[in-house]
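Keeping their order, the protein sequence lines are chains Y and L.
Under our numbering, the first residue of the first sequence is numbered 1, with each subsequent residue one higher.
Under our numbering, the first residue of the second sequence is numbered 1, with each subsequent residue one higher.
Note that these hints are calculated values from the structure, not bench results.
Cβ coordinates follow ideal geometry from the N, Cα and C atoms, glycine included.
Worth double-checking, as some hints may not be accurate.
[As the list claims (entries may be wrong)] Below, computed lysine to any residue pairings styled on SDA-like, alpha-carbon distance capped at 20 Å:
hint, chain 1, residue 1, chain 2, residue 2
1, Y, 144, L, 28
2, L, 38, Y, 128
3, L, 99, Y, 149
4, L, 28, Y, 149
5, L, 271, Y, 144
6, L, 38, Y, 7
[Unchecked claim] On the chain Y side, residues computed to face chain L include the following (Cβ under 8 Å):
hint, residue
7, 16
8, 76
9, 77
10, 147
11, 160
[Stated by the list, open to error] If you want the footprint, here are the derived chain L segments under chain Y, 3+ residues with CB under 8 Å:
hint, stretch
12, 4-14
13, 196-205
Each chain is listed here by its residues.
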Amino acid sequence: MIDLKKADINFKWEITRQEGGEGLLKCFGCSDCSASCPVRYLDDRYNPRKIIRLTLLGMKAEVLSSPFLWLCAHCHACTERCPQGIRVAEVINAIKNYAVQQGYCPEGLKVQLNLLNNSGRLYELEDFDLRKRQRMGLPEIAKKIPDVARIFQFTKIFERTAK
Amino acid sequence: MKRYALFLGCTVPVRAQHYELATRNVAKELGIEFVDLKEGSCCGFPLKALDAETSLLMAARNVGLASNLGLDVVTLCNSCTAMLSDAQVKLKESEFRKKFTELGFTYPNEIKVRHFVRVLYEDIGVEDIKKAIRKPLNNLRIISHYGCHYLRPSYLHTFDSVENPHTLDELTGLTGATVIDYQEKKLCCGGSVLGVDEELAVKMANQKLSIAKNNNADVLISICPFCTVMYEDNQRKVEAKFNTTYNIPVLYYPQLLGLSLGLPPDACGLKFNRIKPDNIISKL
Numbered sequence: 001m002i003d004l005k006k007a008d009i010n011f012k013w014e015i016t017r018q019e020g021g022e023g024l025l026k027c028f029g030c031s032d033c034s035a036s037c038p039v040r041y042l043d044d045r046y047n048p049r050k051i052i053r054l055t056l057l058g059m060k061a062e063v064l065s066s067p068f069l070w071l072c073a074h075c076h077a078c079t080e081r082c083p084q085g086i087r088v089a090e091v092i093n094a095i096k097n098y099a100v101q102q103g104y105c106p107e108g109l110k111v112q113l114n115l116l117n118n119s120g121r122l123y124e125l126e127d128f129d130l131r132k133r134q135r136m137g138l139p140e141i142a143k144k145i146p147d148v149a150r151i152f153q154f155t156k157i158f159e160r161t162a163k
Numbered sequence: 001m002k003r004y005a006l007f008l009g010c011t012v013p014v015r016a017q018h019y020e021l022a023t024r025n026v027a028k029e030l031g032i033e034f035v036d037l038k039e040g041s042c043c044g045f046p047l048k049a050l051d052a053e054t055s056l057l058m059a060a061r062n063v064g065l066a067s068n069l070g071l072d073v074v075t076l077c078n079s080c081t082a083m084l085s086d087a088q089v090k091l092k093e094s095e096f097r098k099k100f101t102e103l104g105f106t107y108p109n110e111i112k113v114r115h116f117v118r119v120l121y122e123d124i125g126v127e128d129i130k131k132a133i134r135k136p137l138n139n140l141r142i143i144s145h146y147g148c149h150y151l152r153p154s155y156l157h158t159f160d161s162v163e164n165p166h167t168l169d170e171l172t173g174l175t176g177a178t179v180i181d182y183q184e185k186k187l188c189c190g191g192s193v194l195g196v197d198e199e200l201a202v203k204m205a206n207q208k209l210s211i212a213k214n215n216n217a218d219v220l221i222s223i224c225p226f227c228t229v230m231y232e233d234n235q236r237k238v239e240a241k242f243n244t245t246y247n248i249p250v251l252y253y254p255q256l257l258g259l260s261l262g263l264p265p266d267a268c269g270l271k272f273n274r275i276k277p278d279n280i281i282s283k284l
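For reference, chain Y alone in the conformation it holds in the complex (with noise of 0.2 Å):
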């Protein structure tokens, strides 16, 4: 049962400000989304629709806290057939993106945003992987890539996932 009483009517346009989320909007439910989903093909609890439908009606807690907003594998099979040519995948990113801003980040993302902070991919370039490299005949490349800890600092990105 979903209670309007519930419902947070800017919860679709904090969506809509979010990189990708712009598409929200023109969604008129038709559920083609959901069809071409290789997800939801065998698993149920993903629905891209409903996931949208209930952004547009600002069931925001019911969204954020679900923990299958996460099984998106972000294929665009979606985005591909769209008649109202949303850039699905990009909308349920958006979603994500701002479930972490609102302490909902699952743990794994903390873990490869560390990994990336550390080094700048990740898989660090252990001595072993640096020699086997060498035996291969492959290219010397960069161990660490500082670069990346900088834009961290910039996009204040370890304060957008504190919370």
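Guided by the hints, dock chain L onto chain Y, whose structure is given.
Chain L only, in chain Y's frame:
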């Protein structure tokens, strides 16, 4: 000689060196020269769900490195391709460009971002590749896997057809192998949800592996390290979950092409494949 900036990303230089090796050797054979982006970082895609703007700035920095060399970028991972392409479009927006510049990055020349397979198709072309084939792989049955971000979203790639792709099948056919035609070319490997729900990811990977088996494929061709993680590294997990045996080798397209160009299996990195491609080597 055609020159490109080679962007490796996170996974290829550490976890898929055989892909990198085969790519470099195939490139040499076909008259392609790579200038390495030694300072290339993660493309940014893993952080997109966390904060899209941060991930776009990471991607734009990488695009900027190539732009400063005046070279188009070649990528080896589908998600890197989409992420860097996205940044390249984003760099046209003044507000984003301002932040990029404030960080001290520059983008002096407009450049293209394309996957290596697309570059083979567009810049070398099927006719010239066909002429270079020395050792046709006539005895192999091959199923190709495109992966999502090689073609989608189409507003970034404007190449091939998202609903009915053909470029990878065409390139695979040049090696002399029999290309298996099937409906579900668009299927996602499940790699993006592996960290969130392993069971679901394994179910997604199972779909294509079972199609490969039902079609008696000798090998599955991948062009993305994420997809290979699902189909090769996790193949045993999929088999256990569905109580079946696949034992289907997963080769990166340049490994297969390399063999048909007459390169020895070692030059194509075949000994580094986790599912041993003995069935392929014995048929060479």
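Quiz item: Are there at least three residues in the stretch 196-205 of chain L whose beta carbon sits under 8 Å from a beta carbon of chain Y?
Solution: Since three or more residues must qualify, the claim that chain Y covers the stretch 196-205 of chain L holds, with 5 doing so at under 8 Å.
Exercise. Would you mind confirming whether the straight-line C-alpha gap from residue 271 of chain L to residue 144 of chain Y stays at or under 20 Å?
Key: Given that 20 Å is the threshold and the Cα spacing comes to 29 Å, the pair is violated.
Self-check item: Verdict on chain Y covering the stretch 4-14 of chain L, where coverage means 3 or more residues with a C-beta closer than 8 Å
Solution: holds (count 6)
Self-check item: Agreement of hint residue 160 of chain Y with chain L interface, Cβ distance less than 8 Å
Solution: holds, 6 Å
Quiz item: With 8 Å as the cut and Cβ atoms as the points, is residue 147 of chain Y at the interface with chain L?
Solution: At 6 Å from the nearest chain L Cβ, residue 147 of chain Y passes the 8 Å test, so the hint holds.
Quiz item: Does residue 16 of chain Y pass the interface check with chain L, least Cβ-Cβ distance below 8 Å?
Solution: Status violated, d = 14 Å.
Self-check item: Given hint residue 77 of chain Y near chain L, where the shortest CB pair must fall under 8 Å
Solution: holds, 7 Å
Quiz item: Are the Cα atoms of residue 38 of chain L and residue 128 of chain Y separated by 20 Å or less?
Solution: Given that 20 Å is the threshold and the Cα spacing comes to 18 Å, the pair holds.
Practice problem: Mind checking the alpha carbons of residue 38 of chain L and residue 7 of chain Y for me, to see if they're no more than 20 Å apart? | Solution: violated, 50 Å
Self-check item: Pair hint outcome, residue 144 of chain Y versus residue 28 of chain L [Cα-Cα no greater than 20 Å]
Solution: Violated, because 28 Å separates the two Cα atoms, which is more than 20 Å.
Self-check item: Hinted pair residue 28 of chain L and residue 149 of chain Y, Cα distance within 20 Å
Solution: violated, 35 Å
Self-check item: residue 76 of chain Y as an interface hint toward chain L, with CB separation required under 8 Å
Solution: Interface hint status for residue 76 of chain Y: holds (4 Å vs cutoff 8 Å).
Going through the hint list in order, the structure does not satisfy hints 1, 4, 5, 6 and 7.
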